[in-house]
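Chemist: Model the placement of chains B, C, D and E on the given structure of chain A, informed by the hints.
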Amino acid sequence: MPSSLALTAIIGAPLLGFFMTIVWSRAAAVVASLTSMVVLVAAVFLAVSVSAHGAVLTSLGGWDAPLGIELAADGLSVMFMIVSGAIVLVVGAYAQHEFVHPGTETRSGFAFWPLMLVLLAALNGIFVSRDFFNLYVCFELLTLSAVAMVTLNGKTESITAALRYLLFALLGSILYLLGAVLLYAQFGSLDMGVIGQSVSSSGAEILAAGLMTAGLALKTALFPFHGWLPPAHSGAPPPASAMLSSLVPKASYFITIRLWFDVMPELAGNPLTLALGGLGGAAILYGSLQAIVQTRLKMVVAYSTVAQLGYLFIVFPLAGGDSAAQPWSAGAWTGGMLHALSHALAKSAMFLCAGLFIISARTDDLEALRGIAQTMPMTAFAFTLAAISLLGLPPSGGFIAKYLMLTSAFASGGWIWAFLILAGGLLAALYLYRPVRIMLSLPKQPGQPFKPISRWWQVAPLVLALGAVFLGIGSNEPYALLQIGRPVAAETGL
Amino acid sequence: MIDLQVSGPLFPLFVLIWPLVLGLAASLPSVRSNAIVLLPLAPLPALVLAVVGPLNIPTEAGILLLGVTLNLDINGTLFLGAISGLWCLGGIFALGYMRMTPNPAVFAGFWCLTLSGNLGVVLSQDAGSFYVSFAAVSLAAYFLVVHERTERALYAGRIYIFLAVVGEALLLIGLLIGVDAANSMSIAKIRVALADAPQAGWAVFCLIGGLGIKAGLVPLHVWLPLAHPAAPTPASAVLSGAIVKAGIIGFIQFLPDGTALWPSMLLVLGLAGTYGAVFLGLGQTNPKAILAYSTISQMGLVIAVIGVGHLTGNTVAAYGAAALYCAHHGLAKGALFMSVGMVGKSGRTFMPFVLFVTGLMAASIAGAPFAGGALAKSAIKTLFEDWALLLVTLSGAGTTLLLARFLMTIASNHGPEPDKRPSALMSVPWFVAVVAALLVPWVLVDRYSDLSVPYLLSTGALWDASWPVALGLVCFFVGLRLLPGGFRVAEGDIAGPLVKSVAAVKRMLAAVPEPTVPTIKGLDHIVSASRTQAAERRLLQLAPICVAALILAMLMFANI
Amino acid sequence: MTAALPFLVLMTSLVPALATFWLPENQAATRNGLNLGGAILKLVLVAYMLYAVGQGAVFETRLELAPGLFLLLRIDALALLFVTLSAFLWLLTTIYAIAYFGNGPNLSRFFGFFSLCVAATTGIAFSGTLITFFLFYELLTLSTWPLVVHKQNEKSFAAGGSYLGFALPASAALLVAIIWLESVTGPIEFAAPRELSGLDAFDLRLILALFVLGLGVKAAIVPLHGWLPAAMAAPAPVSALLHAVAVVKAGAFGIVRIIYDVFGIDLVSQLGMAQPLAILASITILYGSLRALQQDDIKRRLAFSTVSQVSYIVLGAALAGPIAAIGGLAHLVHQGLMKITLFFCAGIFAERAGIEKIHHLDGVGARMPWTAFCFSLGAMGMIGIPPMAGFVSKLYLGVGALETGAGWVVFVLAGSSLLNAAYFLPLLYRMWFLPAREDLETQPPSERPLGLIVPAVVTATAALGVGLLAGAPISPLGWATLIIERDYLP
Amino acid sequence: MMTWASGWLIYGLTGATLIGLGLFGFASHTNLLRRILAFNVVGSGIFLVFGATGFRVPELGADAVPQALIITGIVVALSATALAVSLITRHASLSGSATLPDDDREDR
Amino acid sequence: MIDSLFDLVLCALIIFVAFAAVSGRDLFTAIVFFIVYGLMVAIAWLRLEAIDVALAEAAIGAGLTGVLLLGAYGRFKNIDAARMGSWVPLPVLIVIALAATGLSAAVGVVLIALDPNGLGLIPAVNANIAQSGVFNPVTAVLLNFRAYDTLLESIVLVVALVGVWTLADNSAWGQRVGKTQSVRANGVLQSFGRTLPPIGLMIGIYFVWAGSSQPGGAFQGGTILAAVGLLSAMAGLFPPPRVNDARLRLSVIAGPILFLAVAIAGTAWGGMFVLPADLAYGLILAIEIVLALSIAITLMLLVLGPPEMTETPQ
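Residue numbers (the numbering used here), protein chains in the order written: chain A, 1 to 494; chain B, 1001 to 1560; chain C, 2001 to 2490; chain D, 3001 to 3108; chain E, 4001 to 4314.
Hint data in this document are derived by calculation from the structure and do not stem from the laboratory.
Mimicking BS3-like on lysine-lysine, the simulated pairs with C-alpha atoms at most 27 Å apart in a straight line are:
1. C/Lys2357 <-> B/Lys1506
2. E/Lys4077 <-> A/Lys155
3. B/Lys1420 <-> B/Lys1345
Derived contacts from chain D toward chain A, CB cut-off under 10 Å, selection only:
4. Leu3023
5. Leu3032
6. Arg3035
7. Ile3036
8. Phe3039
9. Val3049
10. Gly3054
11. Thr3072
12. Gly3073
13. Ala3077
14. Ala3080
15. Leu3087
16. His3091
17. Leu3094
18. Ser3095
19. Leu3100
We put the CB at the ideal spot given by N, CA and C, even for glycine.
Looking at chain A on its own, in the form it has when it is part of the complex:
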């Protein structure tokens, strides 16, 4: 009972917060902090409960599936909820400096907080939902709040970016919806569990799965559908970018994983997994190359997201299809999930760093940031730590993730995946080295062109970056937690 209460709180609290911030915008920041704290506590509570008693399942309104909607929290969703709760909490703390204006209410000062909270609610809703149509509604909630966040700074480029983002996302939603409709037509149910038990490889299922995958890939910005991501993520205000880049694509990815590993693993043939893995690999290479040639910090970080999201799809050939029943499947799957989590932490840290740099230097042109580490050593350090995690260097979470995936790649003889994983790491070194180097360089003019930033403000990105690192050092617990509710019973261990 308490765990289903926690499940309630995890969605209910941010929704409540959403309403409160709309009517009581003066206290929005406090409300947001309290709300995300509640969410985090609830998520941790759920984690404890899940690791003690296994996955938590609850039917809303007392109506069991297929008539009603069921929510479930297993290890995977709990981990995602903890990380998103933590990120939102930190981002909220950070944003107090940017979106709280004393005196009269301002546009962005009003809009940011409800959007942030409803984004969190939508994320959590996605992480626990077992109903395909409910997921559609959650996705719309997520998309609309995310798009609105992109427009917060009101610049023309941001509006354009938001518009493009919206178009891609709407197309993705609608394809997903068509898939869900076809599933209902076939099974008379939208519940993952009900559908998963009666998968029969009919045409409707294949078409539905394909449509949903395509729609989700559009939302996840899988190469070549990533065109919307860099302008949107670099155009949004940094706290928004932090959430958009680290969490929002993960939601659609999360459902892709659910779809192919929980609901219809039987349908995941090798051509599909290869296609997804191949697109992931292409994303790694292409995103990294683009990141290398960017001249703005936020664009570098945004293209880095394109590349890093590619890793997530390499999980499919390593753990899905024919590999699903193999012993290395567990490692690859867990590695992929850990990567998603550590990327979330590292990427949000990076965007917050970028935000502080922008406030200090009034631009994120790489060249203009020369020597900024002298003014903001803590932020530069946080950026570097986050970079280390993105590169997959030990002892960060990124390393453990890549280590697990590489181990699987070698065990399965998937040389090409191993190559892509490594190449991505090296390319990441190339594109992240440049900003780090520029930050640490001595400024060209001896004068102090940077506005000093309060130390407390700089703590926010550092906390997230340290989180990414500690996800690696303390990966024992997350690893164990992720295994709970994992459908395929393959061996655990590295």
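Modeler: For chains B, C, D and E alone, kept in the frame of chain A given last:
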């Protein structure tokens, strides 16, 4: 307690350490300016050891280096005595000769270090300490060569150090192979093992090269005629009289019994040196250079002796004879170098005496009867037969010729003040060296050869000793008549081309590029940011197509 | 106590590192106290361990990072060899660095990363599993970079870029090698070598090659050495760290570990990989020396000298024979002592007299006698002039090579000695025999503070001492013999 | 027995056609407003398919669940459309263009 | 037969109108066709016995969406014809057409292959409707069986509103929403605005109330109320509210918040969203009414758009 692992008499160890202690003492501020005083003291323990030292009781010190073993055998005693004696005399001579020299402490320090190495070469019975000693004597001597810091001295020093290092390297190879073959550091075992080890050929070749450089083996001799003139006279004396012998000692220590190609090679190269050096020496104008070539010539003879000893299988006799010959040559050549110093400090009135004594010494080296040199020469001649015997005998003529040229050169080199006489500190050691050179072989000849004094005083022996000298004198005067101006050979003959070729190789190497990390600047052109970004953003139009393709792929390939 | 000892030793460096980061720049006394205290404490612990391990003890600390992924710290004789060197040199380098930087900027950062580097090196030495090794190896890579770019000018960043440019692909290669191997054999512990029969010979060769590639960058094996000469842009204490205390040693040490504890000498020989590796090391030895010959910059020359010298260690391992291995391991220490002396001195020259190029050295011997003397000792050791330590290593390597039938190696060694002489002797010649520059004449440079010169004197003396007393059981040679005879000979 | 004349199938197939038509419109126009219009066509096509499949057995009447979901879908689509239209208007007033910059070839 | 023929003709017409809306020559034509299309689809829904959907489609799909599009079209007057956009290049067009056709065909094939006797959740709904508290099965699903969806859906509307408001100028914050209309006195709009609202109000309230037992409900009713509000506002009956008006905001979220509160209160009865059978009818009706009001206001505000700086109306 730490086990020092020392056994046997400690005195030989003291012999080696004492000069080092003195050398370090030279760097003390209070001693620094009078450091030359230390020079004669340094070899005294060695001299004592040579005279009274027990034979064949090894000293072992396990923790030093790779385990030091010292020993003195019968040949070693002779070498030790001659070498330490000469160093002692040279040291006293230096007291007189180098009173006002700059940097006396540096000179004294390295003098002592060189000495210690020189003595170590004699005493060492293990490859490690031999190598250490050999390196000490080779490399520290560099500082004696360049002491005067003139262009010429520095040039000579460069050539010297180059060859010395090459010699070290070659010696190292030889030692490595030897140690491996013997599975021991002991020189005796190495010598035995090298007789039939697989890579013995390489080892012996490298040993001959490395040691031969020190011994002035042709064609590795080029450093001698450069270094000797450049060094201060006492240093030249020990260089030529004592240091050069380190190579010979090495030959005696390391060369295995065997009938391979190399004994013949030694014989041929030795004799080639004997005669070639005479020819090259005659082309010199600097008296010290002439003496240097003479040393090359004499050492050639010794090397030939060693070669022939191995050829005939009679190494014991050959080594004894070689030791005797070296002992005499060391003292005599030392005396001759001191003569050069004496001449510089002598006025016209004192010159005849100097010249007379010098001539006596030259005659001794040439092997004139009654002189110690004749005995030494007789001792080595017993080993040769046929044409080789003739060549060895005839070499006396060559030596006479060369040393006559030397005498002629120094005769006009006296100092400007007519009545000037060198100090006693110079003339006494000089005189002692002369006397020792003349007498020592008489005392020792029966211990180091089969010859006896009465035989040596027989007319046959006297005639054998006399005619090459006479022939040499005749040749000298004929030559003077025919070629009054003489001819010129550059000091160090082939050193010049050697230097140039090394420089050329260095230039060639500089042209090879160095690997670096490739830069990524070109990438901007490959991945044109603006164009590709525009394209990727427009992909919205293609999205349905891609979706359709994805679904098609699934339809075709799904696990139905 | 014994189970925690490896961890404690690691902490003696790690705690000062992490604490130093947070110290304000002006807390010099605290900072110095922390670092020196850590270093001294570490030396004490090392001394105890030397005694205990000499008696045959083995210490282990085991932590689980992720399921099946152990952080295993294990002190055996080989580990201790490396740790002793790095602990000893850490103390000296810290003293030197304190004197070198004086009141310079960013010192908390510097000493923090410096100690972190040493901690990483300790970790590398103590690593009991491949993954532990990799973790610390990467930590070393990362913590070194801020030191290389410490001056934060274009040149340092170029050097830092070059360093990462070489090191990160190498990490990738190393990771591939480890994971590939472990994907077949399961986690590998050094102390309990795995049966590698699950892999065919070709794969094993490839894996070994990847290991060499991965470790070869730090060990500066040609052609992976490009970063090392560039890194001379860093301050002298960093060079000391790179060349002697930590970085290049870590690579060489890793290769030794891989050959001895992962593959085993016999397997390496059977695979036919020993000889190619020995050839590679030999090429590096000669190439580095030839390059050094052409450098006009003192530190660059020294850097290329390191390229050459470190491969002696690799060569020792690659020759796959006990004596050569002893020589290689002893050289690990010998080279460290000699090279750090040289870099200390080069730093003093540069800092106190502005001498960076070789032709500036003219006549410096008389004006800075202590420095010049130490430099000369170090250089002679490098050449292999007995009784300096370098000679001992060479002798063992040569004999070891002959023992394993690789006679050609002795020519490499001899050639290298010659080349070493060729590039070091001119320096000594200039210092001692040529007349000094005018400004040196008029304003004789100081060798003070003592913190600069004393470490150099200590290391130079040590380099002489370990050669002179090579036969002693606790000399590097004696210890190396103990390692090989006790742990690796049947 | 299924016949071509089955009412639900006619509407289902109409919905399928509308989906294709809408997608075509969505992808083939560069004018943003037309894209949104096409998006709504796709949406209603999908709803039609959904509703039609819920009416396969006319004797039992229409399935209430699809109906409810369609209503939800319509509202969600309206929300999206409203935001999109506002964005398009704002974009048009800021940039003077009814298309996205990279799509608008005349723009460059 | 005649039924089928009617269906066929209707479908043909729908497709034709949709085609005209998608590919109509100019934007205005396209929008007009789209509105027509919406109305025809509503008829199709009637044929599928989905009266609730038909109402929603007519009110929201055709009506409000059409208004939104027309409003935007009005803002496009200042844009050059050259920048109004065009078709993508012909080759791409052909490929897109092929892909779209393929997709349609695939969906068609799947539909044909479906089990023609698929019942969906009809039995489940019928079995549980008694406990739902209402008699209209669609309302039962919306507000009881799948109330969670509906709650989220109502929040989606609010989020869209926040998003729309976000597009205001910074300086316009705190102003009245929308571009203030200047209405011709005694014009058509004004007379419409005076006569229609009372009627609309009646219809809207009826829809909401009827929703529990007959077709109709919060969304449909809310839409009609929104139309009433819009018309009144456009007619100048009352000034558009200010964006930071607390009452306005409260009224926007009142419905969702009540919904959420009831949902959370459900935990007291056994779990989130649980409605005890005896209270269900009353709760649902309360939610419907408040929600309809909130939806009406939200929809109206969505159509009005973000606040813009304009001079106060004369």
